[in-house]
Amino acid sequence: MEKFETHTGVGVPLRRSNVDTDQIIPAEYLKRVTRTGFEDGLFAAWRKDESFVLNNPSYAAGSVLVAGPDFGTGSSREHAVWALMNYGFRVVISSRFADIFRGNSGKQGLLTAIVRQDDVELIWKYLENHPGAEITVDLVSRTVHAGEIVAPFEIDDYTRWRLLEGLDDIGLTLRHEDAVSKFEETRPTHKPVTTLA
Amino acid sequence: MAGTLAEKVWESHVVRRAEGEPDLLYIDLHLLHEVTSPQAFDGLRLAGRGVRRPDLTLATEDHNVPTTPGPITDPVSKVQVETLRRNCEEFGVKLYPMGDADQGIVHVVGPQLGLTQPGMTVVCGDSHTSTHGAFGALAFGIGTSEVEHVLATQTLPLKPFRTLAVNVRGQLSDGVTAKDIVLAVIAKIGTGGGQGYVIEYRGEAIEALSMEARMTVCNMSIEAGARAGMIAPDQTTFDYLEGRPHAPKGADWDAAVAEWTALRSDDDAVFDAEVDLDASELTPFVTWGTNPGQGLPLGESVPDPEAFADESDRLAAANALAYMGLEPGTPLRDIRVDTVFVGSCTNGRIEDLRAAAAVVKGHQVADGVRMLVVPGSAKVRLQAEAEGLDQVFTEAGAEWRLPGCSMCLGMNPDTLSPGERSASTSNRNFEGRQGKGGRTHLVSPLVAAATAVRGTLSSPADLPALETSTAREEA
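As they're listed, the protein sequences go chains V and W.
Residues 1 to 197 (the UniProt record's numbering) make up the first sequence, in order.
Residues 1 to 475 (the UniProt record's numbering) make up the second sequence, in order.
Warning: the hint list may mix true and false statements.
[Unchecked claim] Here are the simulated lysine-lysine pairs, BS3-like style, with alpha carbons at most 30 Å apart:
#1 K78(W) <-> K361(W)
#2 K182(V) <-> K379(W)
#3 K436(W) <-> K188(W)
#4 K379(W) <-> K191(V)
#5 K48(V) <-> K78(W)
#6 K191(V) <-> K188(W)
#7 K188(W) <-> K159(W)
#8 K78(W) <-> K94(W)
#9 K436(W) <-> K191(V)
#10 K379(W) <-> K361(W)
#11 K3(V) <-> K188(W)
#12 K159(W) <-> K436(W)
#13 K379(W) <-> K94(W)
#14 K361(W) <-> K191(V)
#15 K48(V) <-> K436(W)
#16 K8(W) <-> K159(W)
#17 K182(V) <-> K249(W)
#18 K8(W) <-> K188(W)
#19 K191(V) <-> K78(W)
#20 K249(W) <-> K94(W)
#21 K159(W) <-> K182(V)
#22 K8(W) <-> K182(V)
Please keep in mind that the hints were generated in silico from the structure rather than gathered at the bench.
Please model the entire structure based on the sequences and the hints provided.
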């Protein structure tokens with residue numbers, strides 16, 4: 001995973017709450033067996049509508065998505081994160097994220113910044129008044145900078161540390177393989193196995 | 001120290017705990033399907049890692065499989081299923097492929113085999129893994145990176161959840177089901193209300209539910225934002241499990257039951273939040289919008305977006321009505337559907353099919369309505385056929401299909417066309433979920449069946465008495 005310290009890029013105002021993962025990438029696009037090439041499926045239904053924000057050339061090169069509350073609800077598909085990242089997004093800003101989506105993002109290096117809804121509204125207005133404006137998301141100081149606006153954001157310490165260091169979770173866990181083996185010795189014998197004797 | 005059920009299961013699976021880090025939790029059962037696993041196996045190969053515990057891992061083909069006889073015709077779906085087969089072969093993972101007697105939707109297969117047991121940790125790259133919580137297991141959906149993590153280490157680093165008690169008191173009236181309970185819970189707390197929580201469903205109405213009904217409730221926990229839903233195991237749980245292929249036997253069974261009996265929240269355990277619901281006040285519940293929280297009792301009308309106090313709810317309701325093609329004030333009972341879907345990991349079990357069959361028996365599916373009945377697994381299908389349910393459905397004019405996820409998400413050929421409207425026993429009414437431009441109303445199997453007969457959203461109580469069919473039989 002790439003290290004993430006700060007990112008500056010075009011902000012995209014998405015005035016929608018409850019953006020579920022079926023909207024981020026519909027099921028018909030989930031059939032690939034790779035982690036790349038999902039950008040075509042990103043917001044596939046909405047992109048057919050000319051007035052959709054990403055169809056505005058000013059926002060088309062966006063890399064910071066600013067969305068309404070409850071972003072990423074629904075299916076656990078990590079394809080939603082891949083689609084956003086394949087398209088070019090590095091950050092999603094929302095006042096509330098669905099748990100699985102937030103977890104998936106952290107594994108892939110997509111920053112989910114939790115910003116208060118009042119501040120989201122201010123950033124939306126700024127981006128709508130300045131189409132194509134760049135905003136900066138600084139993970140070190142946990143702040144979003146959009147024009148004159150400086151908004152703090154929340155992210156849990158552990159995910160922040162992993163993003164800053166660009167660390168792979170599996171590698172971290174394998175450092176404790178002994179503890180896993182030891183735990184396995186204590187498991188009750190009545191627990192099932194998937195293979196029948 | 002007093003603890004909740006969720007905390008007890010969590011504590012018994014902590015492999016490693018360190019200040020400032022997530023707990024490392026051991027995973028007892030890892031379920032796989034074709035959609036969220038290929039990139040995880042690829043990751044293992046790239047890193048030169050193997051599957052740590054193939055014996056705690058199980059795969060089934062469900063999302064892409066056609067529900068009509070014959071091979072997969074969509075070449076991309078085919079590649080995905082073949083990739084799963086190759087991966088399972090290479091890494092030594094047990095797979096139930098299409099056509100196998102144990103194949104089916106992953107969340108129907110686990111419990112049916114007796115693999116899902118109280119006190120276990122169960123994960124799958126699928127948000128409806130919450131289903132397995134019905135057994136008092138801590139079960140939740142994970143992303144593909146986490147699938148890879150579990151394959152490689154049989155553990156997951158996790159931050160503790162908060163706990164939410166949903167107390168459902170009283171008794172359900174006739175015609176009101178587990179589906180109505182959970183739709184009412186989601187409407188009450190919202191799609192984000194459970195975020196960060198494990199829900200424990202408690203109370204008289206929950207204890208009275210069968211295992212299958214409990215699975216329906218836990219299944220939809222994720223639609224309220226909660227990764228997991230749980231119900232304390234009791235005699236109903238033990239009776240369901242006893243004798244199943246993977247359930248403990250002999251002395252192991254006794255040891256297991258002794259352990260499981262202690263698995264309940266202590267009387268003085270404190271939940272981080274509590275919600276109360278009175279089951280006796282519930283009536284059949286249906287959704288009108290494009291998220292599972294946008295639901296109302298069937299007797300009500302399509303709401304006016306202006307009536308919502310919160311601006312974001314107002315906008316969401318207006319968007320939803322525009323997408324659904326509905327006018328405020330329309331009685332929900334007047335909404336005409338084109339398709340009825342009975343199936344999915346929410347309501348594709350034998351009891352669901354029995355309930356739907358009992359309603360349509362002797363009736364005909366309304367003109368212009370297609371009704372699809374898709375069993376949740378091959379076993380459910382065989383059981384239903386042994387009971388003659390397939391006959392009941394086909395005589396009523398419904399289509400009896402092969403098992404799979406089917407129209408719940410339309411990754412196989414079972415989809416809605418643009419503008420088509422369904423009454424569906426599945427779990428998500430998101431825009432385009434059942435096919436591009438498709439409009440979904442989430443309902444119970446009873447409401448689905450009655451809707452198929454009348455052609456508009458209905459409950460069994462709305463159906464005419466069956467004099468005509470009796471007369472026909474006598475003639």
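Item to complete: Quickly compare the C-alpha distance for K361(W) and K191(V) to 30 Å and report which way the hint goes.
Response: Violated. K361(W) to K191(V) sits at ~42 Å, over the 30 Å cutoff.
Practice prompt. Take the C-alpha atoms of K78(W) and K361(W), compute the straight-line distance between them, and say whether it is at most 30 Å.
Written response: Given pair K78(W), K361(W) is violated - Cα atoms ~37 Å apart, limit 30 Å.
Item to complete: Measure nothing beyond the straight line between the CA atoms of K249(W) and K94(W); if it is 30 Å or shorter, mark the hint as holding.
Response: holds (22 Å)
Worksheet item: Between K182(V) and K249(W), is the straight-line Cα distance small enough, at 30 Å or below?
Response: holds (26 Å)
Discussion item. Holds or violated: K436(W) and K191(V), Cα atoms, limit 30 Å.
Written reply: violated (43 Å)
Discussion item. Tell me if the straight-line CA distance from K436(W) to K188(W) falls inside 30 Å.
Written reply: holds (28 Å)
Item to complete: Measure nothing beyond the straight line between the CA atoms of K182(V) and K379(W); if it is 30 Å or shorter, mark the hint as holding.
Response: violated (38 Å)
Item to complete: Quickly compare the C-alpha distance for K8(W) and K188(W) to 30 Å and report which way the hint goes.
Response: The hint holds at about 28 Å.
Practice prompt. Sort out whether K78(W) lies within 30 Å of K191(V), counting only the CA atoms.
Written response: violated (34 Å)
Worksheet item: Does the alpha-carbon distance linking K159(W) and K182(V) stay inside the 30 Å limit?
Response: holds (22 Å)
Worksheet item: Taking only the CA atoms, is the gap from K78(W) to K94(W) under or equal to 30 Å?
Response: Holds, at about 19 Å.
Item to complete: With a cut-off of 30 Å on the C-alpha distance, tell me whether K379(W) and K94(W) pass.
Response: The hint holds at about 18 Å.
Going down the numbered hints, you'll see the structure goes against 1, 2, 6, 9, 11, 12, 14, 19, while the others check out.
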